[in-house]
Amino acid sequence: MKLIKPFTLSLAALLTLSSCNNTSGSDKVITMETPAFNKEGELSLYKASGKLIRTIDVEVADTAFEQETDLKNRDLLKAHQGMLFLYPEEDLRGYFMKDIRYPLDIIFINRDNRIVSFAENTTPLDDSTFLPSQVPAQLVLKINGGLSEEWVIEVGDYVEWKFTN
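Counting from 3, one number per residue, gives the positions in the sequence shown under the numbering used here.
Just so you know, these hints were derived from the structure itself, not from any lab. It is possible that part of the hints are untrue.
As the list claims (entries may be wrong) - Only pairs whose alpha carbons sit at most 20 Å apart, straight line, appear in this in silico EDC-like list of lysine to aspartate or glutamate:
(1) 164 to 64
(2) 80 to 42
(3) 41 to 70
(4) 41 to 77
(5) 80 to 44
(6) 41 to 59
(7) 74 to 61
(8) 100 to 129
(9) 80 to 35
(10) 164 to 42
(11) 100 to 70
(12) 53 to 151
(13) 49 to 162
(14) 80 to 101
(15) 49 to 59
All of these numbers come straight from a predicted model, not from anything done at the bench.
Taking the hints into account, I'd like the entire structure generated from these sequences.
Structure representation (structure tokens):
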């Protein structure tokens, strides 16, 4: 009987300790899925003279959630892709590059679809530098850094865009 009691206590202690296994999920590896580009429209960039510069596919950010989510935690856009932010009214706009992994050109566009200012080749993952429009804008186009210079986009050029779905 003396052997059974210590054995029973040891077994009970072992079962108790094994039931203390961490099941809270803190050992789980959480991976974020990278959002895929979702073509919702097409945007054409034109010189002030009317000459077509380029037509690109755009994902549209027209809700507060989409505008806040932005291009955060995404892979590099293709050269023919951009994100178009639509706002209900013209106002001063600005952005930080927090959680954006690659340089962008941020093109600010007024209510008449004219390009009014730029922030070019922004610094990735920078949450300390505010990138403002110089004048009120109603639309904002984000494309890969360096494309504005490559495509020779200038203040006074304009855009036309349409939804495709």
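Evaluation of the provided hints:
Under the criterion of a C-alpha separation no larger than 20 Å, the hint pairing residue 164 with residue 64 is consistent with the structure, at around 13 Å. Restraint check for residue 80 and residue 42: satisfied, since their Cα atoms lie roughly 15 Å apart, inside the 20 Å limit. The suggested pairing of residue 41 with residue 70 holds, with an alpha-carbon distance near 18 Å, which does not exceed 20 Å. For a cut-off of 20 Å, the pair hint linking residue 41 to residue 77 stands: about 15 Å separates their Cα positions.
At most 20 Å may separate the alpha-carbon atoms for a hinted pair to count; residue 80 and residue 44 meet this at roughly 14 Å. Proposed proximity of residue 41 and residue 59 is supported: the alpha carbons are some 6 Å apart, at most 20 Å. Restraint check for residue 74 and residue 61: the C-alpha separation of about 14 Å stays at or below 20 Å, so the hint holds. A threshold of 20 Å between alpha carbons decides the hint, and for residue 100 with residue 129 the separation of about 4 Å falls inside it, so the pair holds.
As the CA atoms of residue 80 and residue 35 are separated by approximately 18 Å, the hinted pair is consistent with the 20 Å bound. Among the hinted pairs, residue 164 with residue 42 is consistent with the structure: their alpha-carbon atoms are about 9 Å apart, no more than 20 Å. Simply put, residue 100 and residue 70 have alpha-carbon atoms about 11 Å apart, close enough for the 20 Å limit, and the pair holds. Taking the CA atoms of residue 53 and residue 151, the gap is near 16 Å; set against the 20 Å cutoff, the hint holds.
Of the supplied pair hints, the one linking residue 49 and residue 162 holds, its CA atoms being roughly 11 Å apart against a limit of 20 Å. At most 20 Å may separate the alpha-carbon atoms for a hinted pair to count; residue 80 and residue 101 meet this at roughly 18 Å. A C-alpha spacing of about 18 Å is found between residue 49 and residue 59, which places the hinted pair at or below 20 Å, so the restraint holds.
Every hint, counting from the list given before, is met by this structure.
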